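Chain A is fixed; fit chain B onto it per the hints.
There are 2 protein chains.
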Amino acid sequence: MTEHRYSETERAAVYRAIYERRDMRHFLPDPIASDVLRRLLEAAHHAPSVGFMQPWRFIRITSNALRGQIHALVEQERVRTAKALHEREDEFMKLKVEGILDCAVVLVAALSDRREKAVFGRRTMPDMDLASLACAIQNIWLAARAEGLGMGWVSLFEPEELKRLLAMPEGSQPAAILCLGHVERFYEKPMLEQEQWAERMPLDDLLFEDRWNSRADPV
Amino acid sequence: MTEHRYSETERAAVYRAIYERRDMRHFLPDPIASDVLRRLLEAAHHAPSVGFMQPWRFIRITSNALRGQIHALVEQERVRTAKALHEREDEFMKLKVEGILDCAVVLVAALSDRREKAVFGRRTMPDMDLASLACAIQNIWLAARAEGLGMGWVSLFEPEELKRLLAMPEGSQPAAILCLGHVERFYEKPMLEQEQWAERMPLDDLLFEDRWNSRADPV
Chain A
19 MTEHRYSETE RAAVYRAIYE RRDMRHFLPD PIASDVLRRL LEAAHHAPSV GFMQPWRFIR
79 ITSNALRGQI HALVEQERVR TAKALHERED EFMKLKVEGI LDCAVVLVAA LSDRREKAVF
139 GRRTMPDMDL ASLACAIQNI WLAARAEGLG MGWVSLFEPE ELKRLLAMPE GSQPAAILCL
199 GHVERFYEKP MLEQEQWAER MPLDDLLFED RWNSRADPV
Chain B
19 MTEHRYSETE RAAVYRAIYE RRDMRHFLPD PIASDVLRRL LEAAHHAPSV GFMQPWRFIR
79 ITSNALRGQI HALVEQERVR TAKALHERED EFMKLKVEGI LDCAVVLVAA LSDRREKAVF
139 GRRTMPDMDL ASLACAIQNI WLAARAEGLG MGWVSLFEPE ELKRLLAMPE GSQPAAILCL
199 GHVERFYEKP MLEQEQWAER MPLDDLLFED RWNSRADPV
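Listed in order, the protein sequences are those of chains A and B.
Going by this note's numbering, the letters in the first sequence line up with residues 19 to 237, in that order.
Going by this note's numbering, the letters in the second sequence line up with residues 19 to 237, in that order.
There could be a bad hint or two in this list.
A pair counts as met if it fits within one copy or between any two copies, since identical chains are not told apart.
Said to hold, decoys possible - No more than 30 Å apart at the CA atoms, straight line, and that leaves these computed lysine-lysine pairs for DSS-like:
{"hint": "1", "residue 1": "Lys135", "residue 2": "Lys114"}
{"hint": "2", "residue 1": "Lys114", "residue 2": "Lys181"}
{"hint": "3", "residue 1": "Lys207", "residue 2": "Lys135"}
{"hint": "4", "residue 1": "Lys181", "residue 2": "Lys207"}
{"hint": "5", "residue 1": "Lys135", "residue 2": "Lys181"}
{"hint": "6", "residue 1": "Lys135", "residue 2": "Lys112"}
{"hint": "7", "residue 1": "Lys101", "residue 2": "Lys135"}
{"hint": "8", "residue 1": "Lys181", "residue 2": "Lys101"}
{"hint": "9", "residue 1": "Lys207", "residue 2": "Lys112"}
Calculated from the structure, these hints are not laboratory results.
None of the values given here were measured: they were computed from a predicted structure.
Bound conformation, chain A alone (with noise of 0.2 Å):
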């Protein structure tokens, strides 16, 4: 049963990406090859979506003057966020939670309008759109690890203002901000984790057997 099973080597750089990718706020202002570019953008069309509708659409922020304005929407929501969160607002003001002026490349990741009629998996639960679109995120950003490019997903903005920004039609969406560009260094841990705002879970806690909260045996 081990025919399909990719050699040792390669089955240790697909987890090596998995566990070395990091959501990234600090870059250094060198730029991205073309190429490598193309790549990722490649990657991003390969992940999976839902009746292979191909949801996803990407913005490339060329305009400084355009970036300029992404950003301030960034830092007004940032802002926000921070008195939403009451007794944590000063520990979160603290954090560096984007890069966009920094980085080499601002890419929006969006959902396209007229969506309606895809109903293949999506009858229900027509938010299966967002998770494609997450999922060809995921593959950017393994693949920019994989280069050896960080990437940040920033989602602290208004959704409506960055569309009209970006003369977005009604019924598409924007779901991130993604910077990406060469780094100094990869954070050892999540940048979340390291400054102390959230620990990581235990994963038993999350697995459960048949019904919710039953503790499954450790897999």
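Here is chain B on its own, set in the frame of chain A:
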């Protein structure tokens, strides 16, 4: 600027998993070794999550009776989806859309209850938790491919009925029935492409520059 880049072999392995991963619906009955299943779940748990909230929970289905009930739920939704597809009803009914009764392991992937307090990255877009769960599922998918295992993501079900079957609390939310197992062969292309349900779109149609529908220079 290449110091963080993986070796050529490692990079090729990451892309290989990305390109060879398939949404599988045909399985062999052979069991999955428990250490392999554990590695897949650890890979899931090392996905990114918004505000490091780790919203994912996995319920392994060990009862055959329960597996049968889940299959019946999916079969019910398959028929309803077919009707909602109108002129494509017959074409849809001929597709194999799941392998729940045949695969080695069935996992239900879900969002935890009590997610309201996690506003970091979710104040304006609360569904970023589903995006995190999808990244975790994509990690399983890629790791499984490297291990030589197939996976299928089934989203044809009424979430409220699946919640009742698994005694899931209010506020939790199932997102996927994951079928995992050995396979005779992986599809050469996505099954829905092979069966001519849909075609892969040209990547350049999905890439814009600075504003929606502005055709990007080919990256």
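Hint by hint, here is what the structure shows:
1. Lys135 to Lys114: Intra 40 Å, inter 20 Å, cutoff 30 Å: inter-copy only.
2. Lys114 to Lys181: within (24 Å within a copy, 38 Å between copies)
3. Lys207 to Lys135: Between copies only: 23 Å across, 42 Å inside.
4. Lys181 to Lys207: neither (33 Å within a copy, 34 Å between copies)
5. Lys135 to Lys181: both (22 Å within a copy, 26 Å between copies)
6. Lys135 to Lys112: between (44 Å within a copy, 19 Å between copies)
7. Lys101 to Lys135: between (39 Å within a copy, 13 Å between copies)
8. Lys181 to Lys101: Intra 24 Å, inter 34 Å, cutoff 30 Å: intra-copy only.
9. Lys207 to Lys112: within (18 Å within a copy, 47 Å between copies)
Hint check: a violation occurs at hint 4 only; the rest are consistent with the structure.
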